[in-house]
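Trainee: Protein chains in written order, with my numbering: chain A, 1 to 287; chain B, 1 to 178.
It should be emphasised that the hints constitute simulated quantities derived from the structure, not laboratory data. These numbers were taken from a predicted model, which means no experiment stands behind them. All C-beta atoms in this analysis are idealised placements derived from N, C-alpha and C, irrespective of residue type, glycine included. Some clues are possibly wrong.
[To be verified] Computed cross-link-like contacts, SDA-like style, restricted to lysine to any residue with a CA-CA straight-line distance of at most 20 Å:
hint : chain 1 : residue 1 : chain 2 : residue 2
1    : B       : LYS126    : A       : HIS85
2    : B       : LYS126    : A       : ARG44
3    : A       : LYS149    : A       : ALA232
[As the list claims (entries may be wrong)] Short, incomplete list of chain B residues facing chain A, as computed with Cβ under 7 Å:
hint : residue
4    : ALA24
5    : GLY46
6    : GLU47
7    : ASN54
8    : LEU66
9    : LYS126
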Amino acid sequence: MRPAPFDYVAATTVEQACAELGRDPGGTRVLAGGQSLMPRLVRRLDRPRCLIDITRIAELHELCATESDLRVGAAVTQRTVEMYHATPGFGVLAQALPRVGKVTTRNRGTICGSLANANPAAELGVCLQVLGGEINAISVRGLRRISAKDFFLAPRRTALDDDELLHTVRFNRPQVGTVGHFDKVTVRGAGDTPLLSAAVSARVGGDGATDVRIGVGGEGQQPVLAPAGITAALAGSLDDAAIDHASHSLTAQLEFSDDTRASADHRRRLAVRVVGRLLRRLREDLP
Amino acid sequence: MTRADELAIQLRVNGRTIRANVPARMTLVDFLRERLGLTGTHIGCGEGLCGACNVLLESRSTRACLMLAAQADNTNIVTVEGLSSPGEPSKVQDCLVRHHALQCGFCTPGFVILIEELLAEVDAGKRPTTAQVRAHLSSSVCRCTGYTPIIAAAEELVAERIAGIDSSNTTPSTEAAR
């Protein structure tokens, strides 16, 4: 047995989970699919005193698509959303999901768990930024809504407080006429943690591209949406000069860091290339 | 350890109902190997990277090293031992052998699980492309074969299963045709 000892509580209601979390917020971790948490426990990078299993809470299995959004409860696995009939309506999310981890980890890992663990290079965080949306966090103190753009504070750190449970995530449905593209770079192919993930989207019509969005995340830099000052200049025909200017000026603002797999500089160069390539792919979608 | 053997769990493993008391921190793979003696499920990296510990949980492949035995309470688990009769290789195992798709064999139980999951998806109506077969198998790591024979075996099995379904034109009755 490799994890250090802990208590295990299989909560059956959200109230019970919140009460347990409120008892010892610093020493308690929420366990859903465990595909991010368990590797940390077996390496003893984390030694919580208590785990709260939330997968037996019925209301956290909510998965529904409306005209305006896709709501995903905390216990819904990535694989379930990948196979969900309405997911193709959510552009970059539908493209990214089959590329998250491996089929075996998607069978257990949850959408909300990936967001809450906030690996900066994770595919789903970038998708949340580009689609926009909201996080519902719940605790004994009540329900709190956190906008997607305010959710990621730093690599592996979110706006969730220690006693809060990520209850549901809401992804906004892209407007009619929106196209998006997702891509990521890995060292060892499928299933490897990406060096960076990136996604772009825009509404395409007779007057060219409007509402251009770019999301990027990678080690050192939590998933962010490019500021309007950069993307506004892309509206229209998406010509090469505009794309080069946007990808360079966006990348200059990103704060990638070095790790054992790649340097910060390598990630910056990758970001320029990948964002540029995705925007050119977007240009091919113009009528 | 102060809190040993405090969680009572009940689960089905290879069709058999098991009741046990387990420590909270015991992983499923340790439970299967040490308590039930089902050593066909291997421990490679123990951190979810390699896939040697894949088992079917409710017909879906799962890393048994990234799951607590306590989380398996009230679930249905099938290990590689449950996919064939003793001394008699299953169709999948037989096909892997014919393709020389194993050398040391350490990763093979994980691949057998993945291929069974893939075949269950075919039964459920999916028609995976070559790229999708490869993506599915990318879940496990093999250090001997270079993957080519494993992919060839999986593709042959998928093609054979699809041909079988098309010729009979009836819905097969596997437990995974959910």
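Trainee: Each of the hints needs a verdict: does it hold here or not?
Mentor: Each hint tested on the structure:
1. B/LYS126 - A/HIS85: Satisfied, since the Cα-Cα distance of roughly 14 Å is no more than 20 Å.
2. B/LYS126 - A/ARG44: Given pair B/LYS126, A/ARG44 is violated - Cα atoms ~40 Å apart, limit 20 Å.
3. A/LYS149 - A/ALA232: Distance ~18 Å between A/LYS149 and A/ALA232 Cα, so the pair holds.
4. ALA24: 4 Å, holds
5. GLY46: 6 Å, holds
6. GLU47: This hint holds: B/GLU47 lies near chain A, its Cβ roughly 5 Å from the closest one there, short of 7 Å.
7. ASN54: 6 Å, holds
8. LEU66: At about 4 Å, which falls below the 7 Å cut-off, the nearest Cβ of chain A leaves the hint on B/LEU66 intact, so it holds.
9. LYS126: Since chain A brings no Cβ nearer than about 10 Å to B/LYS126, farther than 7 Å, the hint is violated.
Figure legend: structure checked against the earlier numbered hints; hints not met, in rising order: 2 and 9.
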